Amino acid sequence: MSDRNKPKVLIVDDSELNRALLIDMLGDRYEVLEAQDGEHAIEILWKRGHELALMLLDIVMPGIDGFEVLEVMNRNSWMIKSIPVIVISAETGTRTLNRAFELGVVDYISRPFNFMIVQKRVENALMLYVKQRKLIALVEDEIYENEKRSSLLIMVLSHIVEFRNKESGLHVMNINTVTRVLLKHLLKKTERYGLTDSDVTVISMASSLHDIGKITIPGTILNKPGRLTPEEFEVIKTHSMAGARMLEEIPFGQDDILLKTAYQICRWHHERYDGRGYPDGLVGDDIPIAAQVVGLADVYDALTSDRVYKPAFDHDSAMRMILNNECGVFNPLLLECLRDAEDELQRKLMEDAYSSRMDVDAHMLASEKYAGIDAAVSARTLRLLEYERSKAQFYASISEDILFDYSVNPDLLTISQTGVEKFNLPESIYYPRKNERLLSCISVKDLDMVFEKLKALPREDMRVRCEVELRNGDRKEWYRIIARPILAADGSHEIRGAVGVASNIHREYTKMLDLEKQYRSYKPEKAAPAAESTIAEIDTHPF
Amino acid sequence: MTLEECYEKFGGDYSETLERLVMPELVEKYLRRFLKDPCYKLLVESFREDGSRDREAFQAVHTLKGLCLNLGLTPLTQSSSALTEALRDGRKPGAETQFEQVKKDYAAVSGAICELIGA
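Chains as they are written, first to last, in this note's numbering: chain A, 1 to 543; chain B, 1001 to 1119.
If we strip away everything but chain B, and leave its shape as in the complex, we get (with noise of 0.2 angstroms):
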């Protein structure tokens, strides 16, 4: 699998990503890392129901979302920024179904990587 299908697999943008990063040495080290960065893990941890811990989601899908937008994710991009307003001055309506969304999004990049790097 070329870095190029990865991308396509799971509905990011290569070339544009290629264009900043310049080379794509740096661009599948960073995927790489994107797999253990435990921002994804934090979210997942902290968004309950009662919304007691909204301010650490808040934070971790934030930081999400910054990687996302690095990388080029583009669909788990759009989805973790949605969610990130849904959570930024106390949790709004629809929160939660954001949050299934970003679930779903990071699934098929994860699972697009790891067959990248034959995990």
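Bound conformation, chain A alone (with noise of 0.2 angstroms):
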């Protein structure tokens, strides 16, 4: 068996002929790291400790004891919490024995060793500890996926209705960003309304369904441009009923939370606090929760998206509108929670990131679930890839070059923050080959020769470099664009992505271009050299 699978057990003990008759017995199914003494012990544990299946402890060593070293792992608990510690002591005394159990110790060795003792030992342990693990991790991903899946099908449900309305989609989209934020800031300001987290995720999601009720209104209503009459403004109500009904008509699950809140927003999120909303004239606290703050971010999402009827409206002159009474009376608290949440909910709706924000509520739903398990490894994870991920956004932070990646499925490209700073473009990019305003900075032709040269490099070690035009605004720069493709695992070699960096050459490229330009004047009978091209592969060219 190679080394690499083979669980690694460190053996912590003073004395090299303890050390070495226990590797004696475990023999060669594991691999075997070895302290002399706690501090050489908790060095390992930091620096490989993650690697670690398993540790034989001794107590008694000069210097750092084993005690000690428990504490330690203790102090730091995903180490005591992942890897399980058998004591191996000469030292059988009930105080001994008590105060180990007491600090997370697994089991207990006493000597003299036995053979059979060590190895079944050993073994049960580290048995215990993988399938505690595999089971979390089955159950987190299962719970997972199976939130994702609802979360998505609810998503296609109301773009099937707002699809009629001939908006973007992205009306459902935000919705359910502006009731999140709210509910957020909401939980935070008061208990009154006893929401959890959970609450706060079911809402967000139901908040999805708010306009079914549309799909019982006829288009030419729906859609009309101009001012309505009162005739066709009564239609138009007609639709919170008729949500909440078909909800109603649903067979079964009328138990389900989910669906219960969605009801409650279909039918409610058009009341007022003063009363003076429809269909059913509620005042106050009247109106369930969920229905006042969907109410609220559908009066937001209406100010500032364009309509048939009317342009989009800026934050702020949402922002006077609302807080004016203009649009009706809110829940002075909910008031409260926009105005606190403005430049969040600026930043957030500017986001393109559809999927994500999906995914935010269905993981939230499963790790909530889990809170109760003891899912160490798993946050432990997390952890190591949070740190990694926010070393790499600090670089990318800190660096004047834009840094981006792109995949191909989902068709999205991703930049940092420099590019969205300088730019004035999102973060994520989704179909950027029709995105107005990534095309507004590049053009689609520049795009397209990228990936071409991209798709057809072989290896994930080769590179494109050339330079492309950039617009910002009224100014024209010249960016170098250096990327490296990814690559699909599976050996086909078919492109998945891309990662790159666009760095500003302006001033060096112009200067190169000035210096052709005069170069080129100075020998006119030669014939001229490649003509000019706003796209130039320079591979060897100094700079």
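If you are wondering where the hints come from, they were derived from the structure by calculation, not from laboratory data. The structure displayed is predicted, hence computed values, not measured ones. For every residue, glycine included, the Cβ atom is placed at its ideal position computed from N, Cα and C. It is possible that part of the hints are untrue.
[To be verified] With a straight-line Cα cutoff of 27 angstroms, these simulated DSS-like cross-link-like pairs (lysine-lysine) come out: (1) B:K1041 with B:K1092; (2) A:K8 with B:K1029; (3) B:K1029 with A:K6; (4) B:K1029 with A:K120; (5) A:K148 with A:K214.
[Stated by the list, open to error] Just so you have them, the derived chain B footprint on chain A, three or more residues with Cβ under 8 angstroms: (6) 16–22; (7) 113–122.
[Unchecked claim] A few chain A residues that face chain B, going by a derived Cβ cut-off under 8 angstroms, partial list only: (8) V60; (9) P62; (10) A90.
Join the two chains, each given in its own frame, into one complex according to the hints.
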């Protein structure tokens, strides 16, 4: 068996003979690390702790003893939670045993060592931990997948409804986002509505269904570009009850919290705090809080988006109108939340990150359900990933270059914060070739050109280098793009994405172009070298 | 000299030890290593009349006790156990006597092992 697959066991004992004897007893099924005292053991824990499957620990050692090692492992709880410790000590006094068990030790092998016992105990401890970890991961995955699928289904359904509105479907996503942000702030502000994190997720998911009643509204009224007549307005108002009735008539699941919440939202999201809403004229907190929040989110989104009957207002005007009760009277607490969340809202609505928003919902539900279980290892993995991610983000943020990565499926271009700020683009750009904002910075021709070059590379360690002109407002500047492809892992070498950097080379590049021009004007008789093009692949150029 | 004879010579329990370690090769291997282990030497060095290095002596004899346990060196196990307790929380009366006993038992064990390996 190759070393790489063997579980790693750390043996901590100041006697070399003891360590050697244990290693002999364990046999070659394990890869063994040794430490001759507590200090050494702690060092290994920090450096390679996440690799260890088990630790055999002596108590009496010179310098830092076994108890101190256990204390360290408890202070950094991920250690004691993910590395089972078996104490191997000649000390068999109850005091020692008790203290060891209190410190989270899993088992105790007394001396003299017995071949069979050592092997079996180690095996058992390992199996227990491995099975536990696998189970936790399996269950978390299952839940996550389920929640994700429901989220997606809800999204699809609501998009179907929105489709008739000739709106971009952003409406549903925006309501989802605004609802979630408002609820988070509300949660922090007051206990009055007894909301939990779980509620926040459920209400945000259910908010996607708030306008399903619109499917009963004739298209002529729905998409009328002008003012509605009073009769037409009455028709539109029926969409609240219509949606609620549709949900009511679902033959099963009437106990389901998601359905109940969706019912509340559908029926009452046009109620107003002062009782002048519709359809039932509910007042104040008679209106379920879910409906209140979605009602406010709906108004905010309607104001800040283009509609057939009006253009979009900017954020500040929308805020002003809402706070002046020009669009109905709202719960003052909610208005406070809206004010508190102003910046966050604007930022989040700028992102086009559709699936990441849905993922957040599903993932939160999944991990919430398992808050009780000791998921130390998954949490640790997440922590490690998070650490790597924040490192990468930091390096990207202090760089003047624009770092980007692209995936083919989903068709998504992600750019670093520098790019977001310099070019006023969102961080995540879906379908980049069709994204208007991106195309105002770089031409489709250049995008395709870079991608074709990337597709042509057979290996991931090869690079594309080219110069493109990027437009920033009314400035055009030259950038060098260096990128490498990400290929399928299955050996097909199909391109799955790319990773790269765009650096501003405007000054040097224009200088070089000038020099070229000068050079050419110096020798008019000679045939002109290759014509200037806006794109040049300059692999050998000193720049 | 066989392993069994060696153990008999210093009064150890060969069959029990073999039960635990399973392979005679392992027993012999570790008997050899026992001779080279520094804990006895450290014990002798640090066990002083004035008790100034008793902490060290305690750890040394504690280690020695563990080794003896593992290898079934019964008489030495007993005397080093006794000395360990006598030194555990400060030196207790009778420690010096125990110490002498440990030296005696160690000599018996090491003598027998040397004979075994033909040194």
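Three or more residues of the region 16–22 of chain A near chain B by CB distance under 8 angstroms?
holds (count 5)
Would the hint linking K1029 (chain B) and K6 (chain A) be met if the CA-CA limit is 27 angstroms?
holds, 25 angstroms
Take a quick look at whether K148 (chain A) and K214 (chain A) sit within 27 angstroms of each other, Cα to Cα.
holds, 25 angstroms
With a cut-off of 8 angstroms on the beta carbons, see whether V60 (chain A) makes it to chain B.
holds, 5 angstroms
For the pair supplied as a hint, K1041 (chain B) and K1092 (chain B), is the alpha-carbon distance within the 27 angstroms limit?
holds, 22 angstroms
Interface hint for A90 (chain A), Cβ within 8 angstroms of any Cβ on chain B
Holds: closest Cβ of chain B sits about 4 angstroms from A90 (chain A), inside 8 angstroms.
Coverage of the region 113–122 of chain A by chain B (three or more Cβ within 8 angstroms)
holds (count 4)
Hint check: K1029 (chain B) vs K120 (chain A), CA-CA at most 27 angstroms. Holds or violated?
holds, 23 angstroms
Per the CB criterion, is P62 (chain A) less than 8 angstroms away from chain B?
Check passed: Cβ of P62 (chain A) comes within 6 angstroms of chain B, closer than 8 angstroms.
Proposed proximity, K1029 (chain B) with K8 (chain A) (alpha carbon, max 27 angstroms):
Given that 27 angstroms is the threshold and the Cα spacing comes to 25 angstroms, the pair holds.
Consistency note: the structure conflicts with none of the earlier hints.
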